[in-house]
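Asks: Sequence:
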Amino acid sequence: MTLQLLWEEHRAAYPDSYGYSRYCELYGAWAARLSPTMRQSHVAGERMFVDYAGTTLEVMDGSSGEVLTAQLFVASLGATSYTYAEVTWTQGLSDWIGSHTRAFAFIGGVPAVVVSDNLRSGVTKACFYEPAVNRTYAEMAAHYNTAIVPARPYRARDKAKVEVAVQIATRFIIAKLRNRQFFSLSALNVAIAELVAQLNNRVSRHLGASRRALFDEIERSALKPLPAEPYVFAEWKECRVGLDYHVEIEKHYYSVPHQLLREKVWARITARTIEVFHCGKRVAAHLRSSSDRKHTTVREHMPSSHRRYADWTPERLRRSAAEIGRHTSALIATILRERTHPEQGFRACVGILRLAKTYGHERLEAACGRALEIGARSYSSVNSILKNNLDRQRPATPTDGPAIEHDNIRGPTYFH
119 MTLQLLWEEH RAAYPDSYGY SRYCELYGAW AARLSPTMRQ SHVAGERMFV DYAGTTLEVM
179 DGSSGEVLTA QLFVASLGAT SYTYAEVTWT QGLSDWIGSH TRAFAFIGGV PAVVVSDNLR
239 SGVTKACFYE PAVNRTYAEM AAHYNTAIVP ARPYRARDKA KVEVAVQIAT RFIIAKLRNR
299 QFFSLSALNV AIAELVAQLN NRVSRHLGAS RRALFDEIER SALKPLPAEP YVFAEWKECR
359 VGLDYHVEIE KHYYSVPHQL LREKVWARIT ARTIEVFHCG KRVAAHLRSS SDRKHTTVRE
419 HMPSSHRRYA DWTPERLRRS AAEIGRHTSA LIATILRERT HPEQGFRACV GILRLAKTYG
479 HERLEAACGR ALEIGARSYS SVNSILKNNL DRQRPATPTD GPAIEHDNIR GPTYFH
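Counting in the working numbering, the sequence shown runs from 119 upward without gaps.
Among these hints, one or two may not hold up.
[Stated by the list, open to error] With a straight-line cut-off of 25 Å between C-alpha atoms, the simulated SDA-like cross-links for lysine to any residue are: (1) Lys294 with Asn319; (2) Lys382 with Glu257; (3) Lys382 with Arg358; (4) Lys342 with Arg220; (5) Lys369 with Thr414.
[Claimed, not checked] Ranges between beta-carbon positions, derived for each pair: (6) Arg390 with Glu418: 18 to 24 Å; (7) Asn297 with Gln209: 54 to 60 Å; (8) Arg495 with Glu433: 17 to 23 Å; (9) Pro432 with Ala305: 53 to 59 Å.
Rather than coming from a laboratory, the hints here were simulated on the basis of the structure. Think of the CB as a built atom: it goes at the ideal place given N, C-alpha and C, for glycine as much as any other residue.
Whenever a hint applies, use it, and build me the whole structure from the sequences.
Replies: Now the structure itself:
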């Protein structure tokens, strides 16, 4: 259905009626009366509106000469229109959260509610009735004791305040910077901060006061206080615990209690730490590692059988062997030395040392001595020596007998 078609049907019924232009004007006036606009009154300290401007700013990379684009973030308080603006490289989650924390610091307090657009960084599921807020975004809001209320999808009037603020920022900031060249994001933000100060100090004609004056008068004292520390950005990731009781976070593996095998857990990821939660309870905490394909394992997370094996190191094996005797120490050292990697000989060494529980230190020491004499280097050889009591038999030593007399044997005088 189009206005052209409606007008043609109208003229067919009433040939002497309005022309097309006048018909469109009257239709527009009629349609406007069907959707009245509610005037929004904002209580001081209640709402802060946040959004990105549609227009980007340019930053020149000084080394490559490449022109990069920066995103303009705008925050505006509902009662006084006190405005904060900055640029970031992206509209991603970390930049989105960082802009909020700097906006709170700029206004020196926290509003009761933050009204955001349905940006993917902040809202994981846009819904008219129950929008789903990103877990990191919700955690940041809880840290500042505020609430996130996404604007209704396709309802621009819900965020009219920030839409106007974005328009003003576009005209007042972007337009004034269009002919200037910047070589870093920080330099661009310094210039924006100067223009934001001018904007907030400019006297509004319809209010008769500046945004800053109104903010100082009615809104500053109505804000909630800032927390003692700013929010530390953390991402959340749902993981499934592997059969080796580790979860993978950015190509590194972190242990959790082995009882959680194959369970779903949530990992909280900051720049320095990794925390793992199961059913809302923290079950593991690690320092974050940048090593790819490596494992960070807490001993207490391991099953007892794995823990016993993990306790063995080359140093501990050598110490335990030395406590039994020099032959045992020499055999263990030889096994560790002759393997391509010492860990390849761990099981043989552990098995040999555990034979002391069955046969005692004295017999094991004798068996290791016998093994060294015959060139044996395995657990099975030492075990066989003990099982067959060969450790108690000393090898026969050759004895010197009388010299053999023969015509073909030359005596010592032959060589002088």
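Asks: Indicate, hint by hint, whether the structure satisfies it.
Replies: The hints, checked one at a time:
no.: 1; hint: Lys294 with Asn319; in the structure: holds, 17 Å
no.: 2; hint: Lys382 with Glu257; in the structure: holds, 20 Å
no.: 3; hint: Lys382 with Arg358; in the structure: holds, 4 Å
no.: 4; hint: Lys342 with Arg220; in the structure: holds, 15 Å
no.: 5; hint: Lys369 with Thr414; in the structure: holds, 12 Å
no.: 6; hint: Arg390 with Glu418: 18 to 24 Å; in the structure: holds, 21 Å
no.: 7; hint: Asn297 with Gln209: 54 to 60 Å; in the structure: violated, 25 Å
no.: 8; hint: Arg495 with Glu433: 17 to 23 Å; in the structure: holds, 20 Å
no.: 9; hint: Pro432 with Ala305: 53 to 59 Å; in the structure: holds, 55 Å
Going through the hint list in order, the structure does not satisfy hint 7, though it satisfies all others.
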